[in-house]
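What follows is each chain in one-letter form.
There are 2 protein chains.
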Amino acid sequence: MRSLVQMNLVRSTEVKDGKAKINLASTAIPDQHHSWLKDKAAAAVSELSGVEEVTVDLVEARPKELNQIEKIIAVMSGKGGVGKSLVAGLLATSFAREGKDVGILDADITGSSIPKMFGLDARPSGSETGILPVLSRSGIEIMSMNLLLPSEDEAVIWRGPLMSKAITQFWEEVLWGKLDCLIIDLPPGTGDAPLTVLQVIPISGVIDVFTPQELTEMIVKKAIKMAQKMNVRVLGVIENMSYLVLPETGKKMEIFGRSKGEEMAKASGAPLLGQLPIDPELARLCDQGEIERYSSDAVSELFTNVVAVLNGKKEG
Amino acid sequence: MRSLVQMNLVRSTEVKDGKAKINLASTAIPDQHHSWLKDKAAAAVSELSGVEEVTVDLVEARPKELNQIEKIIAVMSGKGGVGKSLVAGLLATSFAREGKDVGILDADITGSSIPKMFGLDARPSGSETGILPVLSRSGIEIMSMNLLLPSEDEAVIWRGPLMSKAITQFWEEVLWGKLDCLIIDLPPGTGDAPLTVLQVIPISGVIDVFTPQELTEMIVKKAIKMAQKMNVRVLGVIENMSYLVLPETGKKMEIFGRSKGEEMAKASGAPLLGQLPIDPELARLCDQGEIERYSSDAVSELFTNVVAVLNGKKEG
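Residue numbers (numbering that gives the first Met the number 0), protein chains in the order written: chain A, 0 to 315; chain B, 0 to 315.
Be aware that one or more of the hints could be misleading.
Identical copies look the same in the list; a pair holds intra-copy or inter-copy alike.
[Stated by the list, open to error] Straight-line alpha carbon distances no greater than 25 Å define the calculated DMTMM-like cross-link-like pairs of lysine to aspartate or glutamate that follow:
1. 224 x 151
2. 251 x 280
3. 250 x 278
4. 37 x 56
5. 177 x 120
6. 224 x 286
7. 224 x 152
8. 251 x 278
9. 63 x 172
10. 228 x 289
11. 265 x 286
12. 265 x 153
13. 251 x 286
14. 228 x 152
15. 164 x 64
16. 37 x 16
Worth flagging that the hints you see were computed from the coordinates, not collected in a lab.
Could you put the whole structure together from the sequences, leaning on the hints where they help?
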């Protein structure tokens with residue numbers, strides 16, 4: 000459970016002559032929890048010295064007014080199956096381990112894979128004023144179409160405009176609250192979903208994920224061109240499935256072809272943020288919904304580079 | 000170069016008192032080639048015994064009226080990167096080797112990978128009446144957005160309606176002619192492109208491709224549900240990246256997790272058509288645009304099963 004402060008529900012506080020007056024946004028809080036919310040806030044404030052009386056008023060606000068998000072990273076790729084969701088999940092996990100407040104907006108409406116990776120099947124709660132993201136075990140806020148479906152393998156047969164609307168709602172009507180970082184997991188391609196994200200959401204930049212195949216290189220270049228055309232910063236590129244460490248010999252095998260990390264970085268005019276191997280252990284943890292238990296040197300290095308780029312300490 | 004008969008341009012022939020009269024559709028043939036087309040047809044007919052005089056008339060027809068396609072297979076998957084294009088390319092290659100006339104309609108507008116796999120960079124020719132597909136080395140007819148772009152890494156930043164329009168044009172305005180089989184390579188997901196293909200094109204059935212991850216299983220089920228909801232037959236499922244044969248020991252390693260072939264077949268109510276290993280040699284050939292040079296026992300077995308299902312000789 001996130002705190003009222005993290006959810007950014009506290010609109011104003013005033014203490015005068017021992018009387019405290021608090022305005023709390025009731026955004027996204029279901030009606031039956033309103034009195035609980037008031038009591039909780041009153042109890043917390045009455046513990047402060049000099050406070051004798053507490054009044055808590057609930058006000059309405061739109062999630063958009065309450066959300067305060069420091070950095071927004073969109074993870075993209077022209078091609079599917081290169082590991083966008085994996086990278087989004089690993090980055091979010093790394094932020095959470097550092098004690099940062101982090102969320103994942105799963106913009107892959109028809110092929111959501113984030114909830115499964117985090118072992119989530121709770122449905123988001125909410126009210127007419129907004130929706131609350133679901134929290135992962137390590138406290139990552141997650142919103143995904145799959146959390147809203149009656150069953151996770153239900154097909155979402157939607158044309159673009161509906162998809163764009165869902166993504167816009169995930170941005171405007173979800174109470175993300177205060178976050179250090181929001182990570183957006185995009186579907187493959189350069190169609191409706193990425194277009195909507197790049198147009199509607201004030202992202203800090205995109206990260207492009209690719210695998211060593213030549214094919215992918217071409218398609219990732221498409222994604223980079225899209226970002227450039229739309230004046231969005233490319234923070235960097237990440238090579239996934241770079242190699243497999245053979246279990247018996249410990250040798251690295253480049254099963255999808257020679258690594259193209261440096262070339263892709265050059266082509267995109269952005270730094271190579273990391274190279275992730277194929278790791279059966281990671282595949283296993285993702286299948287079991289336990290991506291948050293995974294750590295590796297390659298991921299740590301990747302995370303360090305991403306943070307450096309976000310803070311303007313690394314350039315391409 | 001395909002023959003006039005394969006292109007299905009011969010509309011009518013009449014021989015009376017030594018005089019032959021031929022009506023040829025000039026569909027998709029650029030104006031400057033019209034006289035060449037007439038001469039070619041006249042020459043061929045005048046060689047027949049009893050023909051003394053040949054008149055060739057050019058008539059206009061829409062490609063849709065000329066196309067005669069026996070079977071149409073859509074290769075789909077809810078998820079990207081599972082190998083849809085690879086399966087489409089391998090199946091087309093297998094058909095071509097058997098002497099069948101085969102084409103690939105690349106419906107992945109924003110992430111086309113078919114032309115690269117076949118090493119194609121020619122632009123399709125055509126006229127106001129239609130477009131001619133590009134032929135691969137082994138004579139496979141191919142139409143893809145990437146063949147129409149100024150450069151292959153250009154981004155196609157299109158919303159759904161435009162994408163659907165492009166796919167409809169690939170179906171209605173391309174002169175496929177007579178084909179034994181047309182294979183449609185779909186983009187991932189259950190959005191605009193698959194929706195358009197399933198609605199507009201009279202497909203014989205879909206083949207679903209998946210990889211052994213749990214994640215994929217869920218997402219492939221979405222694709223199968225979509226087909227079922229739209230009353231389209233699921234011909235079968237194909238597991239890709241089932242295993243890797245380790246180079247030094249020859250052992251099979253299931254790097255993405257335990258094979259789920261039989262379970263997926265059961266879940267989809269359709270047969271398991273094949274299981275393809277990860278093969279660095281295939282990755283290399285695809286990168287070099289030489290997929291047509293690849294063959295393996297796994298692919299042969301897959302092809303045999305697909306043909307059996309198409310001919311109604313194998314049921315799930």
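Hints, one by one, checked against the model:
1. 224 x 151: Answer is between; shortest inter-copy Cα gap is 12 Å, intra-copy 33 Å.
2. 251 x 280: both (16 Å within a copy, 17 Å between copies)
3. 250 x 278: both (13 Å within a copy, 17 Å between copies)
4. 37 x 56: within (8 Å within a copy, 86 Å between copies)
5. 177 x 120: For residue 177 and residue 120, only the intra-copy Cα distance (24 Å) is at most 25 Å; the inter-copy one is 50 Å.
6. 224 x 286: Answer is between: at 21 Å across copies they meet the 25 Å cutoff, but 33 Å inside does not.
7. 224 x 152: between (33 Å within a copy, 8 Å between copies)
8. 251 x 278: both (12 Å within a copy, 16 Å between copies)
9. 63 x 172: within (7 Å within a copy, 46 Å between copies)
10. 228 x 289: Answer is neither; intra-copy 37 Å and inter-copy 32 Å both fail.
11. 265 x 286: between (34 Å within a copy, 20 Å between copies)
12. 265 x 153: For residue 265 and residue 153, the Cα distance is within 25 Å only across copies (17 Å; inside one copy 41 Å).
13. 251 x 286: both (24 Å within a copy, 20 Å between copies)
14. 228 x 152: So residue 228 and residue 152 pass the 25 Å test across copies only (13 Å; inside, 35 Å).
15. 164 x 64: within (19 Å within a copy, 39 Å between copies)
16. 37 x 16: within (21 Å within a copy, 101 Å between copies)
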